[in-house]
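Chemist: One-letter residues, chain by chain:
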Amino acid sequence: MEELTALLKRSDLFCGLTEDDLRRMVAIGRWATYNAGETIVREGDPSDELYIIQKGMVEVIVPYGAIADIPGPPELTPVVQLGEGQIFGEIGLIDRGARSATVRALVDGTTVFVLPREAFYNLCDQNHSIGYIVMRNLARDLSFKLRHRNLLLEAGW
Amino acid sequence: MIYKVSYVVLGGRHPGAIVSRDTPPRLGEIVTLGEDQFEVVEVTDLIPPYGDFAYLHVTLRPILED
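The listed protein sequences derive, respectively, from chains A and B.
So for the first sequence, our numbering puts the first residue at 1; every next one is plus one.
So for the second sequence, our numbering puts the first residue at 1; every next one is plus one.
Rather than coming from a laboratory, the hints here were simulated on the basis of the structure.
Hints are supplied without guarantee of correctness; some may be wrong.
Just some of the chain A residues that point at chain B, by a computed CB distance under 10 Å [what the hints assert, rightly or not]:
hint : residue
1    : 18
2    : 75
3    : 82
4    : 83
5    : 86
6    : 107
7    : 109
8    : 116
9    : 141
10   : 147
11   : 157
Here are the computed distance ranges between Cβ atoms for each label pair [to be verified]:
hint : chain 1 : residue 1 : chain 2 : residue 2 : range
12   : B       : 37        : A       : 23        : 33 to 43 Å
13   : A       : 46        : B       : 43        : 22 to 32 Å
14   : B       : 47        : A       : 156       : 18 to 28 Å
15   : A       : 38        : B       : 37        : 20 to 30 Å
16   : B       : 51        : A       : 146       : 16 to 26 Å
All residues carry an ideal CB built from backbone N, CA and C; glycine is no exception.
Isolated chain A (complex conformation):
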């Protein structure tokens, strides 16, 4: 258990949680491993899980240039790569909307910790301290990603 909680400590999503809080997180989640090229979440699908990358790297891709009258799939464009300690799936976790992007593994053995939304929300409801800390960290992560995106646009992406 200590090994698992130590892994979660490497993600700032859990910054500020106690060892006991981390053990509760581990208890409601599961681990999954993917090979390079495997899709982890697909844009448009229902979203009910949050993912934290423990090992490896993923690529977030969105369809650009989609024209409804032209048959065939739109071109998929990568918008960011995410490595160890980063989270994805947070938008759907928060707003309960469909997946906003497709995410696929970039390297073999990419391992993620998966938090189911309902179990996560139940834990936050039962323990408001955990809920406050994690939601604050989620907001900081979204802020960081927005700033990263702004810098990317400035650089001409």
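Got chain A; can you put chain B on it based on the hints?
Modeler: Frame of chain A, contents of chain B only:
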């Protein structure tokens, strides 16, 4: 300290990356993203540190093979 880094690559050919690392990035350092290598040309604070985490922005330049 864990360094959460926003990598932005000059030239618009790479989507950039967000990764955590145990050491701070340094000017001139070579960074590998996927199969490509880049040189660190700028390091700045993106947002203030919090807890054990520092939040940095790094500008990268592609290393072109001859």
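Chemist: Look at each hint and say if it fits the structure.
Modeler: Status of each hint after checking the structure:
{"no.": "1", "hint": "18", "result": "violated (13 Å)"}
{"no.": "2", "hint": "75", "result": "violated (14 Å)"}
{"no.": "3", "hint": "82", "result": "holds (5 Å)"}
{"no.": "4", "hint": "83", "result": "holds (3 Å)"}
{"no.": "5", "hint": "86", "result": "holds (5 Å)"}
{"no.": "6", "hint": "107", "result": "holds (8 Å)"}
{"no.": "7", "hint": "109", "result": "violated (15 Å)"}
{"no.": "8", "hint": "116", "result": "violated (24 Å)"}
{"no.": "9", "hint": "141", "result": "holds (9 Å)"}
{"no.": "10", "hint": "147", "result": "holds (6 Å)"}
{"no.": "11", "hint": "157", "result": "holds (5 Å)"}
{"no.": "12", "hint": "37(B) to 23(A): 33 to 43 Å", "result": "holds (40 Å)"}
{"no.": "13", "hint": "46(A) to 43(B): 22 to 32 Å", "result": "violated (40 Å)"}
{"no.": "14", "hint": "47(B) to 156(A): 18 to 28 Å", "result": "holds (23 Å)"}
{"no.": "15", "hint": "38(A) to 37(B): 20 to 30 Å", "result": "holds (25 Å)"}
{"no.": "16", "hint": "51(B) to 146(A): 16 to 26 Å", "result": "holds (20 Å)"}
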